[in-house]
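Student: Kindly produce the complete structure, drawing on both the sequences and the hints.
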Amino acid sequence: MGTTGVISSPVLNGGCGILSVKYGIVKNYANFCKNGVSFKVDVKNADGSQVLATQTVTESAVTAATLYSKDLTFNQSGDFSIELTNLKPSGGTSATVMTDAVIILDVSWTGYSE
Numbered sequence: 001m002g003t004t005g006v007i008s009s010p011v012l013n014g015g016c017g018i019l020s021v022k023y024g025i026v027k028n029y030a031n032f033c034k035n036g037v038s039f040k041v042d043v044k045n046a047d048g049s050q051v052l053a054t055q056t057v058t059e060s061a062v063t064a065a066t067l068y069s070k071d072l073t074f075n076q077s078g079d080f081s082i083e084l085t086n087l088k089p090s091g092g093t094s095a096t097v098m099t100d101a102v103i104i105l106d107v108s109w110t111g112y113s114e
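Position one of the sequence shown corresponds to residue 1 (the numbering used here), numbered consecutively onward.
By construction, these hints were calculated from the structure, which means they are not laboratory data.
It is possible that part of the hints are untrue.
As a list, the in silico SDA-like pairs of lysine to any residue whose alpha-carbon atoms are at most 20 Å apart [as the list claims (entries may be wrong)]:
(1) K27 x A64
(2) K22 x V107
(3) K88 x S69
(4) K22 x E83
(5) K70 x K88
(6) K88 x T63
(7) K27 x Y68
(8) K88 x I104
(9) K44 x I104
(10) K44 x D106
(11) K44 x E83
(12) K22 x Q55
(13) K44 x I18
(14) K22 x V57
(15) K44 x I82
(16) K40 x Q76
(17) K44 x G17
(18) K88 x T54
(19) K27 x A65
(20) K88 x S38
(21) K70 x D106
(22) K70 x S9
(23) K40 x I104
(24) K44 x S113
(25) K27 x S60
(26) K22 x P10
(27) K70 x G15
(28) K44 x D79
(29) K44 x T56
(30) K22 x S108
(31) K44 x Q55
(32) K70 x G111
(33) K88 x V62
Label pairs and their in silico Cβ distance ranges [said to hold, decoys possible]:
(34) L105 x T56: 15 to 25 Å
(35) G111 x T63: 32 to 42 Å
(36) V26 x S108: 20 to 30 Å
(37) V11 x Q55: 17 to 27 Å
The beta carbon of each residue, even a glycine, is placed where N, CA and C say it ideally should be.
Tutor: Structure below.
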């Protein structure tokens, strides 16, 4: 997730039960992420016009080359889409203030079940 800060999925079927996100930072960015990383995960309706549920993932301290993982419970039925939004875009004028070097390595989910 770079300075544009948004990753969107196509329409997905079967609902979203538990969504798992694996993420981290690369070794070269360790000194740039002193404020940690934070991103928002939205589950939206099929056409993306409405947020059905949202959760925020935040790590206040991150270590380079470490795999982080979060399981987020959404329990939303029907067709849906996923949008991840970077909440710490750099916006600075030097690399020392870069806070958006998070890398999304994997996104998976279980289907909805009652």
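Student: If a hint holds in the structure, say so; if it doesn't, say that too.
Tutor: Each hint tested on the structure:
no.	hint	verdict
1	K27 x A64	5 Å, holds
2	K22 x V107	7 Å, holds
3	K88 x S69	18 Å, holds
4	K22 x E83	15 Å, holds
5	K70 x K88	18 Å, holds
6	K88 x T63	17 Å, holds
7	K27 x Y68	14 Å, holds
8	K88 x I104	14 Å, holds
9	K44 x I104	19 Å, holds
10	K44 x D106	19 Å, holds
11	K44 x E83	8 Å, holds
12	K22 x Q55	15 Å, holds
13	K44 x I18	14 Å, holds
14	K22 x V57	11 Å, holds
15	K44 x I82	6 Å, holds
16	K40 x Q76	17 Å, holds
17	K44 x G17	13 Å, holds
18	K88 x T54	17 Å, holds
19	K27 x A65	6 Å, holds
20	K88 x S38	6 Å, holds
21	K70 x D106	11 Å, holds
22	K70 x S9	18 Å, holds
23	K40 x I104	12 Å, holds
24	K44 x S113	17 Å, holds
25	K27 x S60	17 Å, holds
26	K22 x P10	19 Å, holds
27	K70 x G15	19 Å, holds
28	K44 x D79	9 Å, holds
29	K44 x T56	15 Å, holds
30	K22 x S108	9 Å, holds
31	K44 x Q55	12 Å, holds
32	K70 x G111	17 Å, holds
33	K88 x V62	14 Å, holds
34	L105 x T56: 15 to 25 Å	18 Å, holds
35	G111 x T63: 32 to 42 Å	33 Å, holds
36	V26 x S108: 20 to 30 Å	21 Å, holds
37	V11 x Q55: 17 to 27 Å	20 Å, holds
The structure meets every hint from the earlier list without exception.
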